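*Asks:* Numbering (my numbering), first residue to last: 16 to 145.
Hints in this document: simulated from the structure, not taken from any laboratory. A couple of the hints might just be wrong.
List time: in silico DSS-like cross-link candidates among lysine-lysine, alpha-carbon distance up to 30 Å [to be verified]: (1) Lys18 to Lys28; (2) Lys129 to Lys18; (3) Lys28 to Lys113; (4) Lys113 to Lys18; (5) Lys129 to Lys28; (6) Lys113 to Lys129.
Keep in mind that this is a model prediction, so the values were computed, not measured.
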Amino acid sequence: AIKFCATGGVLSKGDDSSAMQYTLEEMQALVEEAHQLGRVVAAHAHGAEGIRAALRAGIDSCEHCTLVDQEGIALLRAHDAYLVPTVYALDYILEEGKEAGIPEYGLRKAGELKEDRDRAFRAAFATPDI
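Based on the sequences and whatever the hints tell you, model everything.
*Replies:* Here it is, written out as structure tokens:
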């Protein structure tokens, strides 16, 4: 399997968790080459735009999928891609991160995403076949 970062991360310093890291064309090339080698492709994706682009590129699995929107949910279904929500990661960071040594920027990013993540996941899991 190959996993790439379609968007920024929560614990990565200096980036925006929602911002795309590659263009759609770059993602398509990555996925095409990986699939030609028989590899499954997973995309680390928090932001809705990056989620949609990665799904359009043909990924097999969306990791985190934090801010998935209705279009992203439809693309997950249309492409028969897996949604791997990693629900506890943000909760852990918010509940125990400070004591565990998570940097302040990670605590801030997790806090900024939690409410929107909860709303997005409620919508995604209310959808049949997800």
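*Asks:* For each hint, tell me whether it holds in the structure or not.
*Replies:* Structure-based check of all given hints:
For a cut-off of 30 Å, the pair hint linking Lys18 to Lys28 stands: about 19 Å separates their Cα positions. Between Lys129 and Lys18 the alpha-carbon distance is near 23 Å, which keeps this suggested pair within the 30 Å criterion. Pair hint Lys28 plus Lys113 holds up; C-alpha atoms about 16 Å apart against a cutoff of 30 Å. Under the criterion of a C-alpha separation no larger than 30 Å, the hint pairing Lys113 with Lys18 is consistent with the structure, at around 28 Å.
For the suggested pair Lys129 and Lys28, the alpha carbons sit about 18 Å apart, so the restraint of at most 30 Å is met. Between Lys113 and Lys129 the CA atoms are separated by roughly 16 Å; this keeps the pair inside 30 Å, and the hint holds.
When held up to the earlier numbered hints, the structure conflicts with none and fits them all.
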